[in-house]
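One-letter residues, chain by chain:
There are 2 protein chains.
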Amino acid sequence: MIHAAYGRIQPLVRHTPLLSSPFLDEIAGRKVLVKPECLQHTGSFKFRGAYSALSAMDEATRARGVIAFSSGNHAQGVALAAQILGTSSVIIMPADAPALKIDNTKALGAEVVLYDRATEDRDAIGARLGAARGLTLIKPFDEPLVIAGQASVGLELAAQCEVESAEVLVPCGGGGLTSGVALALSQARPGWRVRPVEPEGFDDATRSLQSGKREENTRRDGSICDAIITPSVGEITFPILQKHCAAGIVVSENEALKAMALAFKRLKIVVEPGGAVALAAALFHGRQLSDDTVIAVVSGGNVDEEMFIRALKTG
Amino acid sequence: MIHAAYGRIQPLVRHTPLLSSPFLDEIAGRKVLVKPECLQHTGSFKFRGAYSALSAMDEATRARGVIAFSSGNHAQGVALAAQILGTSSVIIMPADAPALKIDNTKALGAEVVLYDRATEDRDAIGARLGAARGLTLIKPFDEPLVIAGQASVGLELAAQCEVESAEVLVPCGGGGLTSGVALALSQARPGWRVRPVEPEGFDDATRSLQSGKREENTRRDGSICDAIITPSVGEITFPILQKHCAAGIVVSENEALKAMALAFKRLKIVVEPGGAVALAAALFHGRQLSDDTVIAVVSGGNVDEEMFIRALKTG
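Top line first, the protein sequences correspond to chains A and B.
All residue numbers for the first sequence refer to my numbering, where the first residue is 4 and numbers rise by one.
All residue numbers for the second sequence refer to my numbering, where the first residue is 4 and numbers rise by one.
Take these hints with a grain of salt, some might be off.
Incomplete in silico selection of chain A near chain B, CB under 10 Å [to be verified]:
| hint | residue |
| --- | --- |
| 1 | Leu42 |
| 2 | Leu83 |
| 3 | Ala102 |
| 4 | Ile128 |
| 5 | Leu132 |
| 6 | Cys164 |
| 7 | Ile312 |
Calculated pairs, EDC-like style, for lysine to aspartate or glutamate (alpha carbon to alpha carbon, straight line, at most 16 Å) [stated by the list, open to error]:
| hint | chain 1 | residue 1 | chain 2 | residue 2 |
| --- | --- | --- | --- | --- |
| 8 | B | Lys216 | B | Glu238 |
| 9 | A | Lys34 | A | Asp294 |
| 10 | B | Lys109 | A | Glu29 |
| 11 | B | Lys316 | B | Glu256 |
| 12 | A | Lys142 | A | Glu238 |
| 13 | A | Lys109 | B | Glu29 |
| 14 | B | Lys142 | B | Glu238 |
| 15 | B | Lys34 | B | Glu165 |
| 16 | A | Lys142 | A | Asp126 |
| 17 | B | Lys142 | B | Glu167 |
| 18 | A | Lys316 | B | Glu308 |
| 19 | B | Lys316 | A | Glu309 |
| 20 | A | Lys34 | A | Glu167 |
| 21 | B | Lys316 | A | Asp307 |
| 22 | A | Lys316 | A | Glu256 |
| 23 | B | Lys34 | B | Asp295 |
| 24 | B | Lys34 | B | Asp294 |
| 25 | A | Lys34 | A | Glu238 |
| 26 | A | Lys34 | A | Glu165 |
| 27 | A | Lys316 | B | Glu167 |
| 28 | A | Lys316 | B | Asp307 |
| 29 | B | Lys316 | A | Glu308 |
| 30 | A | Lys216 | A | Glu238 |
| 31 | B | Lys34 | B | Glu238 |
For the record, the hints were derived by calculation from the structure and aren't laboratory data.
Built from N, CA and C at the ideal position, the CB exists for glycine as well.
Bound conformation, chain A alone (with noise of 0.2 Å):
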């Protein structure tokens, strides 16, 4: 299925690069390879699941365009995969989102539906329209079509990358792209050890790893790190993750925003907070490390001017 996903999807996604700096290896103590999805077209690994799943739609069900609920990154990954597959998309985004994701998702096709978070339920939003014109819902994570497009970051990574014995540290909200690369790599670099980096106060994943059952997540928002809290992982990503992960890291908001400083002086590169925190515990987090090669996937760049301008002097 993975292998089915990358062959749909290769065409279309940006072949991302692998980046390096010695002056992070020597921050970090070890050789810091990084993956960064935020050149990936929609400035994230997301368009990566969501043409995979549009891609497998059969033709007549995706004439009927689809629909997805998020406030951010996904949104724009289904837009952008719907709009390159001549159909429709409907995006239920919370009216206090972004407005630069907003604006960036209506300009890539999508019919941009606004709810109000504190009122309105989104799911029944969601379930009037897509019933009414026959809409299929693209989830963001808890889709096996979604997190075999993600995968194909692992399979670029096994491809661009020899050594024979690492850790990839994969940003982690509902672990679709946590999952999708565990499952490339479990096959791909036996050696390598995947693990989910998640924000303070939104530590699920880790603690589900702990615990062996999905654990919820008290707060559901208040973290600059806005592209990965989701209040738990899926059902369907966990059992991959307990199958294929070793244990999660947590981070500071503040090691995040010194990782996008970092990552902007020596890679030159624009990471958004939640993209940042895979990066983050490559450099900060050296003594929950065991390997000499540590692989951070930066998972996205939509960040605006101000976030980014504190980050920079932060860092």
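Dock chain B against the given chain A, drawing on the hints supplied.
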């Protein structure tokens, strides 16, 4: 010579991807492709030429060490190439060069010799040191091996993009990158036109192509585009530009800053002012362009936080 250089440097250079955004296409009114050499080792294309030159030296000569004059990007490229090839480098830098660039050059293993622009003669310092130690001078652009190394940007572009007709815009200082790209593409993509881009007040290449002789800039400093400020194009590069390039384009500093902000927002890359001039021409000088596809080379990303924040606030 170009292909021989590519053979030497290919295992070591970073093969930078080709980036694009529908939002940039809309601004430009045509397809815009961006070659982000800011993602190259040391944050600029200069490593390509430096490694080409050093790797072509005979071992005994190389073992005595190399010397270069540079206030920034060439310095870091030579220092890294020397480090990789296990030899020593001496870099003569003005004492008022950006502290970050001096620190980076030192960190890459170079011996940095600072001089006072107002009171000291850098050529005399270089000649004395070079003679005493038997060092080989690595010129920044007017050197065939360096030009052949920069040409690898053109070879990569030809492999990455198959359109028959395109304009390729290249930031132009001494003309090493522009002439290398033009030479490579004159064979690989005869239907493409390479055009140098410069900042206002430092348009020597553009005027030289008009007049048919090497024109000089009246000013020697005072531009934010420090990476591409040279008194004139080179003796070796100029005839190549004459033979293989179309007319130059001149952009304002404000346009360069706006291009930096758009590269941040739409491509998620960090670009320095001098590295942004070709992208600025692609976005804001459409009336001087004629092809449906424009390829802009981003030559570097070594910019400090303060200047980058200024660009974000301008854009």
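Results of checking the hints against the structure:
1. Interface restraint check: Leu42/A against chain B, minimum CB-CB distance 6 Å, threshold 10 Å, status holds.
2. Proximity of Leu83/A to chain B holds as hinted, the smallest CB-CB distance being about 8 Å (cut-off 10 Å).
3. Interface restraint check: Ala102/A against chain B, minimum CB-CB distance 13 Å, threshold 10 Å, status violated.
4. With 10 Å as the threshold, the beta carbon of Ile128/A stays out of range of chain B, its nearest partner Cβ sitting at about 28 Å, so the hint is violated.
5. Checking Leu132/A against chain B by beta carbon gives a least distance of about 26 Å; that is not within 10 Å, so the hint is violated.
6. Given the 10 Å rule on beta carbons, the hint for Cys164/A is violated: about 13 Å separates it from the nearest Cβ of chain B.
7. For Ile312/A, the interface hint holds, since its Cβ comes within 10 Å of a Cβ in chain B; the closest pair sits about 6 Å apart.
8. Taken as a hint, the Lys216/B and Glu238/B pair is honoured in the structure, with Cα atoms around 10 Å apart against an allowance of 16 Å.
9. For the hint linking Lys34/A to Asp294/A, the alpha-carbon distance of about 9 Å falls within 16 Å, and the restraint holds.
10. Taking the CA atoms of Lys109/B and Glu29/A, the gap is about 14 Å. The hint holds against a cut of 16 Å.
11. At most 16 Å may separate the alpha-carbon atoms for a hinted pair to count; Lys316/B and Glu256/B meet this at roughly 14 Å.
12. This hinted pair checks out: Lys142/A and Glu238/A have alpha carbons roughly 12 Å apart, not beyond 16 Å.
13. Proposed proximity of Lys109/A and Glu29/B is supported: the alpha carbons are some 14 Å apart, at most 16 Å.
14. The suggested pairing of Lys142/B with Glu238/B holds, with an alpha-carbon distance near 12 Å, which does not exceed 16 Å.
15. Restraint check: the Cα-Cα separation between Lys34/B and Glu165/B comes to about 13 Å, which is no more than 16 Å; the hinted pair holds.
16. Taking the CA atoms of Lys142/A and Asp126/A, the gap is about 12 Å. The hint holds against a cut of 16 Å.
17. Among the hinted pairs, Lys142/B with Glu167/B is inconsistent with the structure: their alpha-carbon atoms are about 34 Å apart, more than 16 Å.
18. For the proposed pair Lys316/A and Glu308/B, the alpha carbon gap of about 8 Å is at most 16 Å, so the pair holds.
19. Among the hinted pairs, Lys316/B with Glu309/A is consistent with the structure: their alpha-carbon atoms are about 10 Å apart, no more than 16 Å.
20. The straight-line distance between the Cα atoms of Lys34/A and Glu167/A is roughly 13 Å, inside the 16 Å bound, and the hint therefore holds.
21. This hinted pair checks out: Lys316/B and Asp307/A have alpha carbons roughly 12 Å apart, not beyond 16 Å.
22. Our distance criterion of 16 Å between C-alpha atoms is met by Lys316/A and Glu256/A, whose separation comes to about 14 Å.
23. A distance of roughly 6 Å separates the Cα atoms of Lys34/B and Asp295/B; the hinted pair therefore holds under the 16 Å criterion.
24. Between the alpha carbons of Lys34/B and Asp294/B the distance comes to roughly 9 Å, so the proposed pair stays at or under 16 Å and holds.
25. Restraint check for Lys34/A and Glu238/A: not satisfied, since their Cα atoms lie roughly 34 Å apart, outside the 16 Å limit.
26. A hinted pair counts as satisfied when its Cα atoms are at most 16 Å apart, and Lys34/A with Glu165/A qualifies at roughly 13 Å.
27. This hinted pair does not check out: Lys316/A and Glu167/B have alpha carbons roughly 45 Å apart, beyond 16 Å.
28. At most 16 Å may separate the alpha-carbon atoms for a hinted pair to count; Lys316/A and Asp307/B meet this at roughly 12 Å.
29. A distance of roughly 8 Å separates the Cα atoms of Lys316/B and Glu308/A; the hinted pair therefore holds under the 16 Å criterion.
30. The straight-line distance between the Cα atoms of Lys216/A and Glu238/A is roughly 10 Å, inside the 16 Å bound, and the hint therefore holds.
31. Proposed proximity of Lys34/B and Glu238/B is contradicted: the alpha carbons are some 34 Å apart, above 16 Å.
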